[in-house]
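Trainee: Protein chains in written order, with my numbering: chain A, 1 to 153; chain B, 154 to 273; chain C, 274 to 776.
In case anyone wonders, no lab produced these hints; they're calculated from the structure.
We treat Cβ as the ideally placed atom computed from N, Cα and C, and that holds for glycine.
Hints may be right or wrong, so weigh each one.
[Claimed, not checked] Subject to a maximum C-alpha distance of 30 Å in a straight line, what follows is the list of computed DSS-like cross-link-like pairs (lysine-lysine): (1) A:Lys-71 / C:Lys-300; (2) B:Lys-178 / A:Lys-2; (3) C:Lys-300 / C:Lys-726.
[Claimed, not checked] Covered stretches of chain C, as calculated for chain A (at least 3 residues, CB under 8 Å): (4) 280 to 293; (5) 324 to 336.
[What the hints assert, rightly or not] Away from chain B, derived, C-beta distances all over 10 Å, residues of chain A: (6) Met-4; (7) Phe-14; (8) Glu-58; (9) Phe-59; (10) Glu-62; (11) Phe-86; (12) Asn-98; (13) Val-136; (14) Ile-139; (15) Leu-140.
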Amino acid sequence: MKGMTIIVKNISSFVKVLIFLFGIYIILFGHLTPGGGFAGGVIIASSYVLLMLAYGREFAEENLSLSMTSKLDCLGALLFAAVGLFGLFYGAASFFWNFIHQKSWWGEPFNLLSAGTIPLSNIFIGIKVGASLFLVILILSSFRLETSASEKE
Amino acid sequence: MPYALCFLLFMIGLYCAVVKKNMVKIVIGILIMEYAVNLFLVMLGFRWGGRAPIITAEDMVGGSLSELFVNSSVDPLPQALVLTAIVISLGSLALMISICIRTYERYGTFDITQIRRLKG
Amino acid sequence: MTIPLPVFVAIPLVTAFLLPLFGKKGKAAATALANLATLLLLVSAVTLVGQSRVYEIGKWSIPLGINLVLDGLSCLLLLAISVVSCATMLFSVRYMEQYTSKSKYLSLFMLMVAGMNGVVLSGDIFNLFVFLEIASLASYALVGFGCEHEELEASFKYMVLGSIASTFILFGVALVYGNTGSLNMAYISKAIQSSGMNAGLAFALCLFMTGFGLKAALVPFHAWLPDAHPSAPAPISAMLSGVLIKSLGVYALVRIIFNVFGVSVSVSWVLISLGVLSMVIGVFLAVGQWDFKRLLAYHSISQMGYVVLGIGIGALILARGGNIAWASLAILGGLFHLVNHAVFKSLLFLTSGSIQMSTGTRQLKELGGLTEKMPLTRTTCSIASASIAGIPPFNGFWSKLIIVISAVQAGFLSLAAVTVIVSLVTLISFLKIQRYIFLGELPENLQEVKENKGTMAIAMASLACLCVLMGLLLIPSLRESILEPAVTVLTDGMRYSTNIINM
Chain A
1 MKGMTIIVKN
11 ISSFVKVLIF
21 LFGIYIILFG
31 HLTPGGGFAG
41 GVIIASSYVL
51 LMLAYGREFA
61 EENLSLSMTS
71 KLDCLGALLF
81 AAVGLFGLFY
91 GAASFFWNFI
101 HQKSWWGEPF
111 NLLSAGTIPL
121 SNIFIGIKVG
131 ASLFLVILIL
141 SSFRLETSAS
151 EKE
Chain B
154 MPYALCFLLF
164 MIGLYCAVVK
174 KNMVKIVIGI
184 LIMEYAVNLF
194 LVMLGFRWGG
204 RAPIITAEDM
214 VGGSLSELFV
224 NSSVDPLPQA
234 LVLTAIVISL
244 GSLALMISIC
254 IRTYERYGTF
264 DITQIRRLKG
Chain C
274 MTIPLPVFVA
284 IPLVTAFLLP
294 LFGKKGKAAA
304 TALANLATLL
314 LLVSAVTLVG
324 QSRVYEIGKW
334 SIPLGINLVL
344 DGLSCLLLLA
354 ISVVSCATML
364 FSVRYMEQYT
374 SKSKYLSLFM
384 LMVAGMNGVV
394 LSGDIFNLFV
404 FLEIASLASY
414 ALVGFGCEHE
424 ELEASFKYMV
434 LGSIASTFIL
444 FGVALVYGNT
454 GSLNMAYISK
464 AIQSSGMNAG
474 LAFALCLFMT
484 GFGLKAALVP
494 FHAWLPDAHP
504 SAPAPISAML
514 SGVLIKSLGV
524 YALVRIIFNV
534 FGVSVSVSWV
544 LISLGVLSMV
554 IGVFLAVGQW
564 DFKRLLAYHS
574 ISQMGYVVLG
584 IGIGALILAR
594 GGNIAWASLA
604 ILGGLFHLVN
614 HAVFKSLLFL
624 TSGSIQMSTG
634 TRQLKELGGL
644 TEKMPLTRTT
654 CSIASASIAG
664 IPPFNGFWSK
674 LIIVISAVQA
684 GFLSLAAVTV
694 IVSLVTLISF
704 LKIQRYIFLG
714 ELPENLQEVK
724 ENKGTMAIAM
734 ASLACLCVLM
744 GLLLIPSLRE
754 SILEPAVTVL
764 TDGMRYSTNI
774 INM
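With the hints as extra help, turn the sequences into a complete structure.
Mentor: Below, the structure is given as structure tokens:
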């Protein structure tokens, strides 16, 4: 996949950082304002997709390679499961028990550092969703749509 | 009344998925059906003159939620259901599109009347 | 130490996401980890026999939070899923060497097992939908795994029909939420008991029957099964036909009809007619097939008809307020046949995979005379064929006998006669398989086939032993611990809500 003209390349190299920052804001404030893990993850993926569209697929793959994206994907899911499992160990023995909030380790309501394990879950889900969507678009864009004459009946 | 329009959208999606011959159009029909169901779910929680169910510091009265907030906010549970349903339909759409692309590589066409090797 | 219930969903999910991290070098380690996970699930399922529990996630109490429920029916299905997935995973250690990207196969397989376990354990109707979608998406990808012509076509057909069914189910869930105001199955049941059915709930019930009926491959909705099951790789056909159509289709349908909505006469007549149609049409379409796996797929439709017929007769007796002992017998026949079918149908698909790996074909006209070359496959295939045709003392005979006896007791002599005729036609089609594959002359191009040894042999032999021994599940002590709790959950349908709310 080829890139676009030089005007698009210059502007998008500036805008994609802003989109990435916006995505991180949506993820981190997920327990106070609408949004959360999934919506923020989609926005982060879209910043990488902008990179791919403006510069071409090979450049985007050098930036964040296929195997690295796949590993980030698995890592996000495993960390989310680890958050659930910690609830099992810290006393009350239930999966996804909000151990940070119930043990009053941090925060009063309506601050950024509050609501226990919910911001942690949001961050890990954001990583996973962003990596997954970018992986899907990276792989789908590597298909070549010409048909070979020998395959047709 | 809006529920009937939602059901009409669902029927349009079902018609598109059943009648059309191009694979991509069938996929779009399924997508329209899923959007119609998501719309129906969100409309279930609606309340006239309601506001968004986000708690801010003014809504807490002495450690519990104020009556005004509970009586005037929209139901938040269908919104959580719709979020999950949108994620699921995204995954299903990605899988459907990749199978369409692979089928085009093998058969050379998107027309389902020509993709009929399995018979009997 | 008691095992917390989310372990059944957490172990396969964590394994599914650990496996791609191994990469190309660690393929043997990945396979060993996957086998270890299924073995762990089997051991956990066996230790849970006879218990019944409610587990609240995050310690949120019930109408606010999601709960996982283990009762007799869930326990029975968990056992079936664990046994079949363990055997299939052992089989696929050597079988999947023919395909590339084995690590993706293993993680998709684990996702499917996680989804099925979640469907069986869920106590919340939307949670059931989410896990149903996880298992269905994994199975759509696994059916088209080889990416050849027919596999992609079959996968597309399966995916379109399955997505439409899932959308119907979601619409039904939305209608139920709108009419009762809760998503927890116990609370929905209480609300329906107190306020009765209205038009919205009746429409939701129709949508559920269509959606879950399509997942279970009952007859007006069976069109995806004869294409999807033959095209999938053999271990996946065994899982699909063995447990997926049962846990996603029949279990969910039965749970919703008996425990949430309550049986009524019209609903049970619908179940009986779906069952009879599936039995008859499935078996008559199966006899004329010349492709081994396609024949087995049509037989799956027919045997699902048996299960739904047994359960439908029980529902009709309960709805008319008749003798509870007769209703229990009918439901016992249906559920016992469900578990038996899981074992012998997966064994049949595994033997077909073994034959396909050795000879490279699955058309009956190109095979023949494989008796001396593949003795273990021949023995296990004969045992499974005898089970499905209903020959004593194998397990299929006992469950079919119970269904026939209960049909006669309830006064449906014509249905009992139809059941016996369908059994005879099943026997005819399996005699055809025996004659064309194992007896007769060996063609020249198959002179050098060898028997498959190793893990494939262990998997097939263990399932064959289970086929022989499962008739013993009718001994009173084993029956009371494994089968009776499942039957009581269904006959005392309305007790489900009171049990959970008071627990």
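Trainee: Say whether it holds or is violated: Leu-140 of chain A keeps its Cβ farther than 10 Å from all Cβ of chain B.
Mentor: violated (6 Å)
Trainee: Is the Cβ of Glu-58 of chain A farther than 10 Å from every Cβ of chain B?
Mentor: Nearest chain B Cβ is 20 Å from Glu-58 of chain A, so the label holds.
Trainee: Is the claim that Glu-62 of chain A lies outside the interface with chain B correct, judged by CB distances over 10 Å?
Mentor: Nearest chain B Cβ is 24 Å from Glu-62 of chain A, so the label holds.
Trainee: Verify this label for me: Val-136 of chain A is non-interface relative to chain B, using a Cβ-Cβ cutoff of 10 Å.
Mentor: The claim breaks: Val-136 of chain A does not keep its Cβ more than 10 Å from every Cβ of chain B (closest is about 5 Å).
Trainee: Measure nothing beyond the straight line between the CA atoms of Lys-178 of chain B and Lys-2 of chain A; if it is 30 Å or shorter, mark the hint as holding.
Mentor: holds (28 Å)
Trainee: Say whether it holds or is violated: Phe-14 of chain A keeps its Cβ farther than 10 Å from all Cβ of chain B.
Mentor: holds (29 Å)
Trainee: Does the claim that Phe-86 of chain A lies off the interface hold, with its Cβ farther than 10 Å from every Cβ of chain B?
Mentor: Non-interface label on Phe-86 of chain A holds, nearest chain B Cβ at 23 Å vs cutoff 10 Å.
Trainee: Taking 10 Å as the cut and beta carbons as the points, is Phe-59 of chain A off the interface with chain B?
Mentor: holds (23 Å)
Trainee: Would you check whether the claim that Met-4 of chain A is not at the interface survives, using Cβ distances to chain B and the 10 Å cut-off?
Mentor: Met-4 of chain A clear of chain B: closest Cβ-Cβ about 23 Å, beyond 10 Å.
Trainee: Say whether it holds or is violated: Ile-139 of chain A keeps its Cβ farther than 10 Å from all Cβ of chain B.
Mentor: Given that some Cβ of chain B is not farther than 10 Å from that of Ile-139 of chain A, nearest at about 8 Å, it is violated.
Trainee: Within the assertion that chain A covers the stretch 280 to 293 of chain C, do at least three residues meet a Cβ-to-Cβ distance smaller than 8 Å?
Mentor: holds (count 6)
Trainee: Between Lys-71 of chain A and Lys-300 of chain C, does the CA-CA distance stay at or below 30 Å?
Mentor: holds (16 Å)
Figure legend: structure checked against the earlier numbered hints; hints not met, in rising order: 13, 14, 15.
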